[in-house]
Amino acid sequence: MAPSTFALIIDFASGGMLLAAVLVVWRRALRSIVTLLACQGLALAAIPIAAGAYLGDTALLLVGVAVLALRAVMLPWLLRRALAAEPPGRRDATPLMNTASSLLMVAMLTLVAFAVTRPLTALQSTTLTDAVPTAFAVILIGLFVMVTRRHAVSQAAGFLLLDNGIAATAFLLTDGVPMIVELGVSLDVLFAVIVIGILTGRLRRLFGAADLDELQELRD
Amino acid sequence: MIGWLRKALRVGRIVEPAPPAPFAAPAAIDALRGSMQIRHVDAGSCNGCEIEISGAFGPVYDAERFGARLVASPRHADALLVTGVVTRNMEEPLRNTAAATPAPRVVIACGDCALNRGVFADAYGVVGSVGEVLDSVDVEIAGCPPTPEAIIAALRSVTRR
Amino acid sequence: MRTIAVDVPTVEVKNHPGRHHVGCAAAGSATALIGAAGVWGGLVAVFGSAPQMSIGWLLPLSGVVLHLDPLGGFFSVLIGAVAVPVGVYTVGYARHERWPALSLTVLPLFVAAMLLVTAAGSIPTFLLAWELMALASVLLVITDHDRAEVRSAALFYAAMTQLGFVAILVGLMVMATSMGADRFTEMTVVPEPLRDVVFVLTVAGFGSKAGLVPLHAWLARAHPEAPSPVSALMSAAMVTLGVYGIIRIDLVLIGPGPRWWAVLLLLVGAASALYGVLQASVATDVKRLLAYSTTDNMGLITMALGASLLLSGAGAPEAAAIAAVAALLHLLAHAAFKSLGFMAAGSVLAATGLRDLDRMGGLARPMPVTTVLFGVAALGACGLPLGAGFVSEWLLVQALVHASTSGDVVVALAAPLAVGAVALTTGLSVAAMVKAFGIGFLARPRSAAARQARESAASMLTAMVIVAVGCVVLALAPVAAAAVVARAVNVMPTARSAAPAVDFAAVIRLPGLGGSIAPGLLATAFVAALLAAVVAMRWRARRRPPTVQLPLWACGADDLTPRMQYTATSFAEPLQRVFNDVLRPASDIDVTHHSESRYMVSAITYRNRIADALEIRLYQPVVTGVKRAAEVVRRAHNGSVHLYLAYGALGVLVVLVIAR
Amino acid sequence: MTVMAVVAGGAQLLTVTVGAPLLIGLMRQVRAAWEGRGGGGILQPWRDLRKQLGKQQIIPRGTTVVFTAAPLIVAATSILLAAIVPIVATGSPLDPVADLFAVVGVLFLGTVALTLAGIDTGTAFGGMGASREITIAALVEPTILLAVFALSIPTGSANLGALMATTLSDPGSVASLTGVLAFVALVLVIIAEAGRLPVDNPATHLELTMVHEAMVLEYAGPRLALMEWASAMRLTVLLALLANLFLPWGIAADAPTLLQVLTGVGAITVKVAVLATALATMEVFMAKLRLFRVPELLAGSFLLGLLAVTSANFFTR
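Residue numbers (this note's numbering), protein chains in the order written: chain B, 1 to 220; chain R, 1001 to 1161; chain Y, 2001 to 2660; chain U, 3001 to 3317.
Think of the hints as simulated: they come from the structure by calculation, not from any bench.
One thing to keep in mind: the hints can contain errors.
Unchecked claim - One side only, chain Y facing chain U, incomplete, derived with CB under 8 Å:
1. PHE2390
2. VAL2401
3. ALA2525
4. THR2547
As the list claims (entries may be wrong) - If you only want the chain Y side, here are some residues facing chain U, beta carbon under 8 Å, derived:
5. VAL2064
6. THR2426
7. ALA2443
Quick caveat: nothing in here was measured; it's all calculated off a predicted structure.
Backbone N, C-alpha and C define an ideal beta-carbon position, used for all residues, glycine too.
Whenever a hint applies, use it, and build me the whole structure from the sequences.
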């Protein structure tokens, strides 16, 4: 693989992740949000796979395949299941902030991410580290989604964005995370999503909606 | 969207083959050859004609392939497609619409009510047929309601395609 | 005091209409003459060197020092060029509106004071001229003092302009003491912490004069209520002196400063541009709209100054120089189209008594000349090609686009955001100006007053035509202003270079950077295209039946009434909705039901008011605080002369103890 | 400037003026094909134009000269755009003004003339269309300029000829993240600017949902023909610009031969036809957005433009 091709793949993969994150904020229908998360998982997996192929590192390739299986297939499938149980009228993300303002916020967050990671990329500029700003932007957008969304499933989507961003940062900054760490983290995420799945079920049974604002009722 | 795509590809072309072009009606104007924009005016119809008109412009009969198109304003139109018997409330609007259409214009009366008051002849709110309200009717489409074929044939007699 | 001074001349006016006419003509010509002198002096200063003048006896302690350098000369030309047509315009306008003698006297003095500001060569002289200018403008704002709104606006304006003056005074005093000199030519470097203090104070003071957010609130109050020629002078000339102050003090004398100065200027400029244009696009009072548009344009100019400062510090001197040229050129363009806009609005006001766009309309028929002239002004304010503001906005965008080559983080983040802000400002200003021109002048009259409009006096039209010619020249051949701008820009440290940054010719090129524009060629090509379109429309013309005039298409119903037209409020409603979070309009709907049945409606009242949200948020608390403080202080005022004397004695004692 | 450059300019103008109605015809035909209909044929818009030009002129009472002049101005801006934008050859006679910002300005000028005409009719629908059009146009402006900014970073100039020359010599500059983001942003704004679905439905009959159509409701005959011709040319130029900014292959050089000019005409015809087919196909499967959802779309495209610029600034190697 030529260095320029590798650079192009990393560019597009990190850009694709950012684009998917932006679209998650943009779209309202939870079904398409889940599809976008699967796409983002695909882009995320492309980073270690491309790096593994480029550097000739088999372990990295295996990590990439594992990431692909988990983030692009498994987790979206779990989320889709949680969503399928929702009544059709409640499959929207119901953000706390209107979409246009959210998008402008995302623009700001991206700029902040680019600005704060600048010293990092200036330290050692390689193909991989140059994409760190985008990964960091994905982390911030994930946090933003978690803050501004009501629906439990879209909370999970925000959490996944956050985790995808962290994983991407890890892949880009180190020459491959040890497999055991990656597996441990992924297992955590899997459990988290399962917990959220159970939580939505519970919420629905209790309040008839997976709206997290309903939890405020429990205070009294 | 994938589902629609598949459906569109599976169904394919559903328009019926066109019969040979009819002879030009005496009222046909050379200026409207090949292209006619139509403003539809419901002067008091029972909506039977409307259903047939929408059929004529639908995928099966497809009036658009003969150069006819429905438009949103009489200013854009060459032809007024008037359906129904002219009721008292629609008399003035019908006249205004005809006046607002730039010349050369064609008035097409669609359906028996528009031609000769049809079944509503003696009803209390009726002013008259289209011919009695407007100066002239250039093209007549008989039938209650007229079939889409009849409508298409009438339109083609103007566009001559 | 005020009643005596102003009421006596009004009585006079009634007795001697002839003398009033002479007064108007005298005041107008004096204004125009002073303006012409300003232009001449400015040109001399720009191209030659005006002698430095010192009049020691005029001001105690320091004397008056006059020194007109090319930068001051540029502003002197600008103010003079605005004052000449405004003077001509005033001849007709003041006669029509029956101005009192005080205003007639103050108007030329106001222009002279503004010219004195540009010529001031020392801090005391500058402050003196500044205060004279502020005082004169306040007197002019209250010309029509019988109306309560005018008095309230003038009070608001006077308070804000004095507070701004205090900021400038303190800032300049700190500067003078730290440098030990008060002549501009003898100034040296200001030590670091003080320099920042001076910068903040002067930017606040000059920014309030320039109408920058958040100190813009007086503009939207004073400009609509002031007589139109005064609005034109204030908006096109006086406000630009705020920018002059920022350039003179902050960029030339104590600058170029650190990076955060540039970022602050960019932020303040962007905020002003966006906020101003947003308010303009939802305003329904045409003069208020123009006033907010001034905030918007001053914001763009401040952005250009900030960009110039930022880029010169980031190692992009060419782009920095282009930004500086953009700032000065836009000042000229703004002076042209804004004075024209206010004069045309004044012409409408004189003819119909209307400022409310919702009641105007259909003026194109009775007032064709005014309509065309307002159209020229509006096109200039849009920043579109063939308009006066296009080339300067193009230069600003080019400077920002070419900025990012330097690879600096702040620049890399600021440039795209600034381009976005400039673009949104342009887009919204088009919306605002289309509304002002379309709703105000086209279609059919929305009120009896608009129906009975008549074209204005010849002197007013002449004045406006002069300015319109200026607009057209700036739009199509900005090379006419190139020499003046180039000389003035050379004074600014961010743009000082041997080679000119922008090569003005028939084709404007940016030496060293790619990019060119040719407004003249564009206009010629446009005319050719217009002819082509005319020819294309002749095709098949002989077959057409004769053209007819018909009533409007009313969907079959009888004729539409003018009340069914879109108004300025309804025109701006989508924008108001989009920017709901920023504008925070207060609207409510009252539905009155019929007495017989709840299902029948007898009346629906819709009220929509867009106040200045910033004003409410920022100013109200301050005003309340001041009021509360005043309540406290009032306890000390009990009317006893003895107590007051005691206060005085106490004060003297304290001073003696402190100054011991 | 050589003779051939002028010839190339003439060929370009002719291609756009003749081709624009055909483009509309093609898009209608694609739509008809997806709906299973026969369609009026690609030539139908030309037949409509010819007929409209032979019809009676109507001046509605109460309108001013703006109403009469607007179709001419709108058409003039479209012709001007067709002359400025490098469509067939990069070195047009108007190269000094072929700056993308000027092009955007000219585009906007046409919009302004159209909205003023809408207001001038004095009908509720005219004002409504004008108000909506200007709102959308104002919000489109930042995105266009940012996308242009992003594209101009590798070249260091916003001159269209220079932009295309850079892409020709270095194809990698558009096959990058910046290129893709800028492309998506530009597609969105072109859809909004040309009044296509999902922003505006050009085939609607319902006045209350109209944007562009509402402003031309009062026009009849020749003036209507000019308006429709102009808006078709506008769409054509925008699509050609999009095609040439990202895929300039086939465009003739500064001093072209006759063969190169012909190749240029052929290439741009194919490119625009492909884009138009794709656009029309997308439109079949799309519903119109609510008017107050349009700002969301434009905010999204603004974000993409901003990302394009920042990624161009940060990913330069």
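Hint by hint, here is what the structure shows:
Look at PHE2390 (chain Y): its Cβ gets to within about 6 Å of chain U, closer than 8 Å, so that hint holds up. Among the interface hints, the one on VAL2401 (chain Y) holds; its C-beta lies about 5 Å from the nearest C-beta in chain U, closer than the 8 Å criterion. At its closest, the beta carbon of ALA2525 (chain Y) sits 6 Å from a beta carbon of chain U; the interface hint therefore holds under the 8 Å criterion. Evaluation of the THR2547 (chain Y) hint against chain U yields a held restraint, the C-beta minimum of about 4 Å falling below 8 Å.
A cut of 8 Å between beta carbons decides the hint on VAL2064 (chain Y): the least distance to chain U is about 46 Å, and the hint is violated. Restraint check, THR2426 (chain Y) versus chain U: the minimum CB separation of about 6 Å is within 8 Å; hint holds. Interface restraint check: ALA2443 (chain Y) against chain U, minimum CB-CB distance 4 Å, threshold 8 Å, status holds.
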